[in-house]
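There are 2 protein chains.
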Amino acid sequence: MATLIERVAAGDRRALAVLISRLEREDPEALEILSQLHRRTGRAMVVGITGAPGTGKSTLTAALGALLRKGAAGRDPQRVGILAVDPTSPFTGGAILGDRIRMRDLAGDEGVFIRSMASRGALGGLSRATDSAVRALDAAGFDAILVETVGVGQAETDISRQAQTVVVVVTPGLGDDIQALKAGILEIADILVINKADLPGADSAAGSLRAMLDLGGGAENDWRPPILKTVGTTGEGVERLAQEVFRHREHLLRSGEGERRERERAQADLERRLSGRLLARWRAAAGRDVAEMARKVVARECSPEEAVEKLLG
Amino acid sequence: MATLIERVAAGDRRALAVLISRLEREDPEALEILSQLHRRTGRAMVVGITGAPGTGKSTLTAALGALLRKGAAGRDPQRVGILAVDPTSPFTGGAILGDRIRMRDLAGDEGVFIRSMASRGALGGLSRATDSAVRALDAAGFDAILVETVGVGQAETDISRQAQTVVVVVTPGLGDDIQALKAGILEIADILVINKADLPGADSAAGSLRAMLDLGGGAENDWRPPILKTVGTTGEGVERLAQEVFRHREHLLRSGEGERRERERAQADLERRLSGRLLARWRAAAGRDVAEMARKVVARECSPEEAVEKLLG
Numbered sequence: 000m001a002t003l004i005e006r007v008a009a010g011d012r013r014a015l016a017v018l019i020s021r022l023e024r025e026d027p028e029a030l031e032i033l034s035q036l037h038r039r040t041g042r043a044m045v046v047g048i049t050g051a052p053g054t055g056k057s058t059l060t061a062a063l064g065a066l067l068r069k070g071a072a073g074r075d076p077q078r079v080g081i082l083a084v085d086p087t088s089p090f091t092g093g094a095i096l097g098d099r100i101r102m103r104d105l106a107g108d109e110g111v112f113i114r115s116m117a118s119r120g121a122l123g124g125l126s127r128a129t130d131s132a133v134r135a136l137d138a139a140g141f142d143a144i145l146v147e148t149v150g151v152g153q154a155e156t157d158i159s160r161q162a163q164t165v166v167v168v169v170t171p172g173l174g175d176d177i178q179a180l181k182a183g184i185l186e187i188a189d190i191l192v193i194n195k196a197d198l199p200g201a202d203s204a205a206g207s208l209r210a211m212l213d214l215g216g217g218a219e220n221d222w223r224p225p226i227l228k229t230v231g232t233t234g235e236g237v238e239r240l241a242q243e244v245f246r247h248r249e250h251l252l253r254s255g256e257g258e259r260r261e262r263e264r265a266q267a268d269l270e271r272r273l274s275g276r277l278l279a280r281w282r283a284a285a286g287r288d289v290a291e292m293a294r295k296v297v298a299r300e301c302s303p304e305e306a307v308e309k310l311l312g
Numbered sequence: 000m001a002t003l004i005e006r007v008a009a010g011d012r013r014a015l016a017v018l019i020s021r022l023e024r025e026d027p028e029a030l031e032i033l034s035q036l037h038r039r040t041g042r043a044m045v046v047g048i049t050g051a052p053g054t055g056k057s058t059l060t061a062a063l064g065a066l067l068r069k070g071a072a073g074r075d076p077q078r079v080g081i082l083a084v085d086p087t088s089p090f091t092g093g094a095i096l097g098d099r100i101r102m103r104d105l106a107g108d109e110g111v112f113i114r115s116m117a118s119r120g121a122l123g124g125l126s127r128a129t130d131s132a133v134r135a136l137d138a139a140g141f142d143a144i145l146v147e148t149v150g151v152g153q154a155e156t157d158i159s160r161q162a163q164t165v166v167v168v169v170t171p172g173l174g175d176d177i178q179a180l181k182a183g184i185l186e187i188a189d190i191l192v193i194n195k196a197d198l199p200g201a202d203s204a205a206g207s208l209r210a211m212l213d214l215g216g217g218a219e220n221d222w223r224p225p226i227l228k229t230v231g232t233t234g235e236g237v238e239r240l241a242q243e244v245f246r247h248r249e250h251l252l253r254s255g256e257g258e259r260r261e262r263e264r265a266q267a268d269l270e271r272r273l274s275g276r277l278l279a280r281w282r283a284a285a286g287r288d289v290a291e292m293a294r295k296v297v298a299r300e301c302s303p304e305e306a307v308e309k310l311l312g
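Read top to bottom, the protein sequences are chains H and W.
All letters in the first sequence, in the order written, are residues 0 to 312 by numbering that gives the first Met the number 0.
All letters in the second sequence, in the order written, are residues 0 to 312 by numbering that gives the first Met the number 0.
Just chain H, with the same shape it has in the complex (with noise of 0.2 Å):
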């Protein structure tokens, strides 16, 4: 154990993929060793990169990725890591993991760490275990970590916890289509990046989210999220993409905005642990049959929010 610390700690890849596998499995000792690591971390540029499918947005993190390991705007090169985030699925088991291929050029550098995400947990799981990825690759010294996830939709919430930064993926498709607006998902983006920018429509899609944001005010705090046109096959763009990410990474510590985030999230990861801790532990201790109950909310014999005082009282 104090061996597999000391070699993660040192920035040893296979540590870490065997370290970050466990902590799928939710192993107690991989558990011990994150606890033990978490001095370490704290450091890490964390920007998750979301949108829906079809979007580029592997494309577009694996040229981000090459570019900010090559040194991006005017920064020092950086150690990589990129966690693709599948959610459960029988279909992820290996077979087709599409992202692996497109990043295979990255792949034999000892400053690239590459991962693709697929739990077969309980629900949370595998958001779970993104997070405590994040943390080793923090840990282990990667300076900047990639999350990207496939999702709009409630995923938002997920990616917009866990990371620093949040990259919203469109293209340029857009146009008509007032889902994508509808779908929660520019109230969580720092960055707006219309990907495929090389297909007919990105203008105009880039009118359609700057009218979206100047509707939404958004005033809170000093950053308005910059709308940028990338086309991830080529690269172009990406430059400006890591300029805007460096950009907003300072203006989270300038502005304090970071260390509030970064509380926020703290405290909620602390409730949902003391949640399930709670939890485990009235069961223990009471005794009570959830399961039994549960049968007589199906069967009317009384409503779930009876049964939770009847389980509590």
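These aren't lab readings, by the way, just hints derived from the structure by calculation.
Note that this is a predicted model, so its numbers are computed, not measured.
Incorrect hints may appear among the rest.
Copies of one chain are not kept apart here, so a pair can be met inside one copy or by any two copies together.
In silico lysine to aspartate or glutamate, DMTMM-like type, Cα no more than 20 Å apart, as pairs [what the hints assert, rightly or not]:
# : residue 1 : residue 2
1 : LYS309    : GLU31
2 : LYS309    : ASP221
3 : LYS295    : GLU235
4 : LYS295    : GLU261
5 : LYS228    : GLU238
6 : LYS309    : GLU263
7 : LYS295    : ASP268
Keeping the supplied structure of chain H fixed, place chain W upon it in accordance with the hints.
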């Protein structure tokens, strides 16, 4: 309060709208009303309709709703409730509810209830409000409740919890986009729909989906998701969709799968409610300062794991 219960139970749409608004705010009296209405629930057919933005879900939902209302697949006309679930967003403030416009021709009918859910509450608030609205519609005697959710990704966990039958909508554009298939969305589908099937590529999309289903094995129960082609704007294929929805409902009843799912759902719901109550109770009794502990975690004075032990110990 007694009047509101009676009016909702009698299927009064205005009373229902009032109740749902109060449930969105988590008004305690409204929650008590819902508890009292619980015995009247359990009769409705709850269908989730989900997919990425741009797949035409709203139009398809409206078309299916209209057909069920008229009487489809040899059934009597149904009373139809439609819940359009938008994630928490300042952009859904009422100005740009495209869905409502599309559904206008349904709106004059007493046997139809349409609601765009747009909670601004805490994390999880939208999901709770949707659960509550489904229960209220069920108690009010709506036969078919269609829950349209924007999103792929983690939203699927919610919709597969809330609905008995999940319809996943894709478009022919899918072809080369491996991400749509990776999005965990196939495994929650009871029925797969290729909407906009008049566009090129519908047959090849169907072929891809079939191949994915073959890969997944999926013989855990006797149901293999049918793959349908629809054109929501013209209504083509929607009668067939209605038939498959009813056929899946019968499968759930006959196989016992429906009851099994409902019990699991009820148990998970009770556990969520218990966790929340236990946390509130602990907070009041222990008087510990979670925010202060979160500060220590952020300052790296202790890890979250250590913080939880300290708080509980």
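Checking LYS309 and GLU263: alpha-carbon separation at most 20 Å within a copy, between copies, both or neither?
between (33 Å within a copy, 19 Å between copies)
Tell me, please, which holds for LYS309 and GLU31 at an alpha-carbon limit of 20 Å: within, between, both or neither?
between (36 Å within a copy, 15 Å between copies)
First find the shortest C-alpha distance between LYS309 and ASP221 inside one copy, then the shortest across copies, and answer within, between, both or neither for a cut-off of 20 Å.
Close neither inside one copy (49 Å) nor across copies (37 Å); limit 20 Å.
For LYS295 and GLU235, with the copy left unspecified, which applies at a CA distance of at most 20 Å: within, between, both, or neither?
neither (60 Å within a copy, 42 Å between copies)
How do LYS295 and ASP268 come out at 20 Å by Cα distance, when the copy is not named: within, between, both, or neither?
between (33 Å within a copy, 13 Å between copies)
Intra- versus inter-subunit Cα pairing at 20 Å for LYS295 with GLU261:
between (42 Å within a copy, 11 Å between copies)
Is it within, between, both, or neither for LYS228 and GLU238, if the alpha carbons may be no more than 20 Å apart?
within (11 Å within a copy, 42 Å between copies)
The structure is inconsistent with the numbered hints 2 and 3, although it conforms to all the rest.
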